[in-house]
Amino acid sequence: MNSQQIDQQTLLKDEKDPLTHTPVHLLSLENVGKHYGNVIALRDVTMAVDNGRVTCVLGDNGAGKSTLIKIIAGLHQHDEGSFRIMGEDRKLGSPREALDAGIAAVYQDLAVVSLMPIWRNFFLGSELTTGAGPFRRLDVQKMKDITLKELAEMGIDLRDVEQPIGQLSGGERQCVAIARAVYFGAKVLILDEPTAALGVKQSGVVLRYILQARDRGLGVIFITHNPHHAFPVGDRFLLLKRGKSIGYYEKKDITLEELTAQMAGGAELAELAHELEQLGGHAEALNEVKAEVAGVADAAPESNTKRH
Amino acid sequence: MANAVLTAPSDERVSTRNTFQKLLVRPEIGALVGAVVLFIFFSAIAPVFLQPSSLATVLYGSSTIGIMAVGVALLMIGGEFDLSTGVAVITSALSASMFSWYFSMNIWVGVLFALVVSLGIGFINGWILVKTKLPSFIVTLATFLMLAGLNLGLTRLIGGAVATPSISDIDGFDAARAIFASSVKIGGVDVNVTVFIWIALVIVASWVLLRTRVGNWIFAVGGDANAARAVGVPVTKTKIGLFMAVGFCGWILGMHNLFAFNTVQSGEGVGNEFLYIIAAVIGGCLLTGGYGSAVGGAIGAFIFGMANKGIVYAQWNPDWFKFFLGLMLLLATIVNLIVKRRAESK
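One line per chain: the protein sequences are A and B, in this order.
Here this note's numbering is used: the first residue of the first sequence is 44, the next is one more, and so on.
Here this note's numbering is used: the first residue of the second sequence is 3, the next is one more, and so on.
Check each hint, because a few of them may be wrong.
Claimed, not checked - Listed below are the simulated DSSO-like cross-link pairs for lysine-lysine, each with C-alpha atoms no more than 30 Å apart in a straight line: (1) A:333 <-> A:287; (2) A:230 <-> A:244; (3) A:134 <-> B:135; (4) A:244 <-> A:294; (5) A:230 <-> A:185; (6) A:134 <-> A:284; (7) A:230 <-> A:295; (8) A:185 <-> B:239; (9) B:135 <-> B:239; (10) A:284 <-> A:230; (11) B:239 <-> A:187; (12) A:230 <-> A:294; (13) A:333 <-> A:284; (14) A:230 <-> A:187; (15) B:133 <-> B:239; (16) B:133 <-> A:134; (17) A:134 <-> B:239; (18) A:230 <-> B:239.
Stated by the list, open to error - Some but not every residue of chain B turned toward chain A, in silico, with C-beta under 7 Å: (19) 214; (20) 221; (21) 226; (22) 229; (23) 233; (24) 292.
What the hints contain is simulated information worked out from the structure, not anything from laboratory work.
We put the beta carbon where it would ideally sit given N, CA and C, even for glycine.
This is chain A alone, in the form it adopts within the complex (with noise of 0.2 Å):
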C-alpha cells in the first residue's frame, strides 16, 4: 500500500476539495522527515487524519513520537517529505500558526498551567475581552460561564471554575485541554499520551472524551505506547520504532494482537528470553516471556504482510 493509495482510500465524511471535487484529508503527511544535525529523529513517515476519525501513532519511547508531533503542533519544522493540511503544503512555524490553521495539541505534561484557574487556563492565549482602548478587560463572568458550559457538555463534572486546575485529576486536566481545543475551533486535536500517567479508570474516562470529540467531528491524531488504549478508539494506526513507519494500517486490517505483536517487537522479546535463560533461575519470568514470543511469532507472519 502506498501512499498515493491511501491518499484516495480514504475518504472525509463531509469537506471535499473546492476545485477537483475530489476528497482531501484535512491533514497528510507524506515520506516526512526529520533530523538534528546529523541524527534522524524521523523519516518515511506517510499518515492522514480526517474528520470524525481518530488515526493513532504508536511506538515505544524513543520511537519518534513526540518529533512527529511537534511538526504538527509548529514546535519543530519537517526537512523532507512534504506535510498537507487541506490539500495544502505547509510549514507551520510556530504553535500560534498551527492553532490558526485549527491544530491544537494538548500534552501530557504542560497541557495547563497548574497554579491558575480552571477558567483562566480554559481561555488562556485566547481570552475574552470587553471594553475599549485602556479600559480593555477580561469578560470574567462570560469566561467562566463557558468554561462550565464546555466542560459539562464534555461531562466534566465541576463544582468551581475558580479553583486552580492543579486541584484536578489528571484525567480532568486533560479533558479541560480538549475540551478548550474543541471550544476555540480545533480541526485536528494532537493528543500526546493522554492515558500515559493514568490509572485504569482514569484512562476510560480520556478515552470517552476522545470518542466524543471524534463524533463532534474532529480529526484525532492519538499518540500512545498502549495498543489496549489505541485500538479500541482508533480508525488508523501508525506504528514508529527508532524514527522510522513499521506500519501503516487501516483498523479492518488488523487486529489488537497482531498490532500489540508489532509493537512489542518478536526479535527483543527473544533475546530477552535468551538472556533470561543464560542468567537462570527465572524460570517463571523466562516461561513468560517465551510464550509472549510464541504469540509475536503467530501473529507477525500475517502483520508483515500488510507493511508498506
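Since the structure of chain A is already known, use the hints to place chain B on it.
Relative to chain A, chain B alone:
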C-alpha cells in the same frame, strides 16, 4: 449532556468553602497577618507610632520600597527576578541629572532621557534573558555589576566627582519636583506624593494582573512558560515587558530621589534590590513564579516601612532592623508556603 446542576447559578457544593477559607488561599494573607501583628506591636510599645505624622513617615518609607516592589512583584509572578533594580534606580537619576546639566537643557529633557534609559535597561535584561535562556539571577547579576560600575565611572568621567552637581537651578526643576517629590497636606499632616504614586501603581498593577489579557499571560509565563507558549501566549514579549515595567518603576523612584535631594551619589543603591525582592516575597509572591499579587508586594513594603521606622520610634538601636527583616521574611514565606500547598491540593 448538559448537566442541570452545573448550569444553575449556584452549586450547592461550592458553599462548603466559606469566606474565611477563600481568604486563606489569597497570596497576600501571610503578609496581611504579619502587618497587623507588627502594627499592633509597635502601637503598643511606642505610642508615638500612632500619631498621624509618624504614620505619614512610615508610609513615605514604605512607598520608596513599595513603588519598586510593584514592578518586582509583577516580574516575580512572571517567573523572573531582577538584581539590578537597586543600582538601576540610581542610573536613572544620574542620567536625568547629568544629561540636563551637561547639555544645559531643560530638566524635563533629562527626565525623558532617564525614562528611555530605564526602559532600555529593562529591555536589555529581558532580551538577554529570553535570547540566552540563562537564569535571571545570572543575567541581572551581570547588569547589576555593570550598572554599578557605569554609575561610578561615568559620573567621575563627566562630572569629575562621585556625586552629580546640584540641579536645583535648572529650568523646569520646580515643576518636576512638584510631581516627583512634593508633599500634600492631609488633615494637617504632610504626606509625600510618592505615597499616592505608590497607591496608584498598586491599583493599576492589580487591575492589569487580574482583569486584562496581559495579566493572564503574566501568571501563565511564571506558572509554566512551556504550557503558555503551547497555547499561543507571547512568552518572550511578556517577559521583556515585565522587565521594562520594573524599569519604569525604577525611573519613578529615581526621579523622586533626584528631585528630593537635588544631587545623586553615584555609589548608592547597592543592596536595595534585595529590599524590593523581600517586600514581594513577604507579600506572597513565589520565587518560582506563577503566584502572587501586587497588593501583597504593597503589604510587604508596608511591613518594611513599619519595621524600619517603628524601631526608631520604639527608641531601639536600629542595628536590630536587619534581624527583624530577616525574621519577617522567614515567617511570611513559611506561611505562604503552607497556604500555597493548601491551594494546590484539596
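Hint-by-hint comparison with the structure:
| no. | hint | result |
| --- | --- | --- |
| 1 | A:333 <-> A:287 | holds, 27 Å |
| 2 | A:230 <-> A:244 | holds, 27 Å |
| 3 | A:134 <-> B:135 | holds, 26 Å |
| 4 | A:244 <-> A:294 | holds, 24 Å |
| 5 | A:230 <-> A:185 | holds, 24 Å |
| 6 | A:134 <-> A:284 | holds, 24 Å |
| 7 | A:230 <-> A:295 | holds, 25 Å |
| 8 | A:185 <-> B:239 | holds, 27 Å |
| 9 | B:135 <-> B:239 | holds, 14 Å |
| 10 | A:284 <-> A:230 | holds, 27 Å |
| 11 | B:239 <-> A:187 | holds, 27 Å |
| 12 | A:230 <-> A:294 | holds, 22 Å |
| 13 | A:333 <-> A:284 | holds, 22 Å |
| 14 | A:230 <-> A:187 | holds, 24 Å |
| 15 | B:133 <-> B:239 | holds, 12 Å |
| 16 | B:133 <-> A:134 | holds, 23 Å |
| 17 | A:134 <-> B:239 | holds, 24 Å |
| 18 | A:230 <-> B:239 | holds, 28 Å |
| 19 | 214 | holds, 6 Å |
| 20 | 221 | holds, 5 Å |
| 21 | 226 | holds, 4 Å |
| 22 | 229 | holds, 4 Å |
| 23 | 233 | holds, 4 Å |
| 24 | 292 | holds, 5 Å |
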